[in-house]
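Engineer: Each chain is listed here by its residues.
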Amino acid sequence: MTLQDQVARLFEETRDDVYRYLLTIGLHPPQAQEATQEVFLRLYTALKRNEEIRNHRAWIFRVAHNLGLKVRAQQSSHESYEPEIEARMMDPELNPEQSLLERERMVRFHRAVEGLSEQQRRCLFLRLEGLRYPEIGSALGISPSAVGEFLRRALTRLKKVGDE
Amino acid sequence: MSKLTAHISADDLLRLADGELSPRETEQAKAHLAACWQCRAQLEEMEQAIALSVRYRDSLYQRCFPSPPAPWCDMQQRLAALDAAPGSASFFERVQEKLGALARGLVVRPRIWAPAMAALLAVAIIVDQFQNAPSVRAAALLQQATAAADSRASKARRIQLRTRTQRLARTVGENTQDSSTVLAAAERRSLSELEGLFRTANYDWNDPLSARAFQSWRAGLAEKIDEVVKVSDPRSPEGDCFELRTSTDHGTLEQASLRLRVADLQPVESKLSFRGFGPVEISELSDQPTAASSRTSDTFVPPPTGPVAPPVVGESTPVTTPATPADELRVYAALHELGADLGEPVEVRRSGDRVLVEGMGVAPEMQQKLQRELAAMPKVQVDFSLPPAAGSQPSATETRSTASSLPHPLVVRWQEAIAKELGGRSAVDRLGEKVLERMDRISARAHAVRNLASRFPDPKSLDEVSRQTLMKIRIDHAQALQAEVGALRQELIPVHHALRRGGALADYGGGWPEVAHTIFGLSRDVEAKLAILFGGATGAVTEEFPTQLFDGLHELADRTGQLVQ
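Sequence order for the protein chains is V and G. Per our numbering, the first sequence starts with residue 1065, numbered consecutively. Per our numbering, the second sequence starts with residue 113, numbered consecutively.
Incorrect hints may have been included.
Among the chain G residues that face chain V by a calculated CB cut under 8 Å, a handful are [stated by the list, open to error]:
| id | residue |
| --- | --- |
| 1 | Ala161 |
| 2 | Ser165 |
| 3 | Pro178 |
| 4 | Pro180 |
| 5 | Ala192 |
| 6 | Ala196 |
| 7 | Arg301 |
| 8 | Ser304 |
| 9 | Gly544 |
| 10 | Pro658 |
Derived from the structure by calculation, the hints contain no laboratory data. Glycine is no exception: its CB is placed at the ideal position from the N, C-alpha and C atoms.
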């Protein structure tokens, strides 16, 4: 498999997750899509330069995270992308298989996530993408133990939603 | 890790669930869990919160977020295009090249160092951004331009479409009837042919000279290559435009470019190249038929051209006494209020009965502001056609040593260590941009403070009002400097970590628990000394006491930074 094939395959496998992760950072859909494509071009460039990349997925999300923040800073005159999440979560047509109870729980959970600190939220979303503590730490510029601490605090707060 | 008999901490439970404990710690934890219901229940609660998080993510991603607005590109083709393009140097290499060129220029014109440095760095960073992510930049620019267009009143306007053989005019915009209705039959046919061409290419015919038309066409392309460059505004030589160029191998429109005025992101020109037809240039006509024709001048005020004539402010005031330091300080205060004491090539000095404010290369807007601000002050003479005297701006010897073409081998090694710490060169590039920008601001402040100190070395010789003015400016600079330096230190924490790990910096030793113990010890030392100083406590007091207090405080701050590494 050539390097091009390898990156193209990673792109096929990961692009939707990267695109949606960038939406959680606040990028608008067109920019999130552009940035996603840009990440894989950078991955290709890095691999061609023989950069050592042990975990491609972690590298992709780290670069996506940093590029996303940069793009968001450039769109400073505009508000972050905020779709009507609560309304969509409660919409029975969009969520036919979910019970009303579950939909309400998801809305409460969303509010709890919104209430987390920026670092806690970023750690949570990157962990949800399968990144390990050192990889999250590398993306956010913090130590792995700090990642563990942020995640524990986040889960402690989110756990309460499950208890309600 | 807890002992076998003690409960497992919440941190370790999560690390266990996430597979982040060492094999030995995992074994210990599992042995404890087998025996302890309480810890098992806690772990289960944590797992439930994790499961809920996963359900939330799925719900958010699948049902709340829209699909990508355009088809995904063919990555194989993009990568092949990337291989065909000439390679680009890294950020370090590019910045070194740019700063090297700057340093060489400074030898010739040392007096204009500060504005040249600022301008060059700004250009370097803009160019770098453009080179880094043209497609992202293009999408962002188009979005900003459409938002800007939405915020303007929608008015009818006349545009010209120029093909290889013809020039055609038509009216576009809301609530207008196309002027083609009153055109000759031949022109109507030509416009109709163009309309067909635009529609086949999915390019908006109703308002083709708009960011929205460009954005909509571009968003529909599965394959495209973008470029974003900065060019002069064809209508106003003082202004600049962003030029977006997008080309594609698919469809009838092979390339489109759009020039957006930097000042307000209004489209000024567009060029479309159709396969088998050739180029169509679109521009706005200045001979507008309605009141709406003043649209451009409504929203765009060009900056004044040329240097402002050097008036003598306060000429009518009879001047008989020599200018005093207080007169000079008032001028400094005015400059400070406008931020003109930060990097602007302006010099203030006393000469006989006048306070002279001189400079060359001051931006016209700043010149006007300064003229207004200084107009009411007697004895002040302003001249922006002269270069400031030597010494008023940093000299060439104060510049960064960037003229050499190759970095020192040690620097290369450190850069590699930093790249390893941050996860690659691109992360280092971003950090480099950030800290260099911040350092520019710090340097400008430091220079302003030094300038102030050399002009007013003895505040006691000033009157009370001047002393307070001087103190206020000093405090302003000090607060800004503290904030900037604090932020810089934070930004450089990973660099510190990388260099320390690589042996380039003295290692305090130990992991974070050791650091925590050290912090505790230092905190107690500082507390004890403060208690002696302020709280009536007794203890060992020597001549070294103040030094020890502040050294301890300094180390405490350093070690605190280690906690987040």
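Engineer: Please go over all the hints and tell whether each is borne out by the structure.
Structural biologist: Checked hints:
1. Ala161: 4 Å, holds
2. Ser165: 6 Å, holds
3. Pro178: 6 Å, holds
4. Pro180: Hint on G:Pro180: holds, closest Cβ of chain V at ~4 Å, below 8 Å.
5. Ala192: 7 Å, holds
6. Ala196: Violated, about 12 Å.
7. Arg301: This interface hint is violated because 37 Å lies over the 8 Å limit.
8. Ser304: 32 Å, violated
9. Gly544: 13 Å, violated
10. Pro658: 34 Å, violated
Violated hints, listed in ascending order, are 6, 7, 8, 9 and 10; each of the other numbered hints is respected by the structure.
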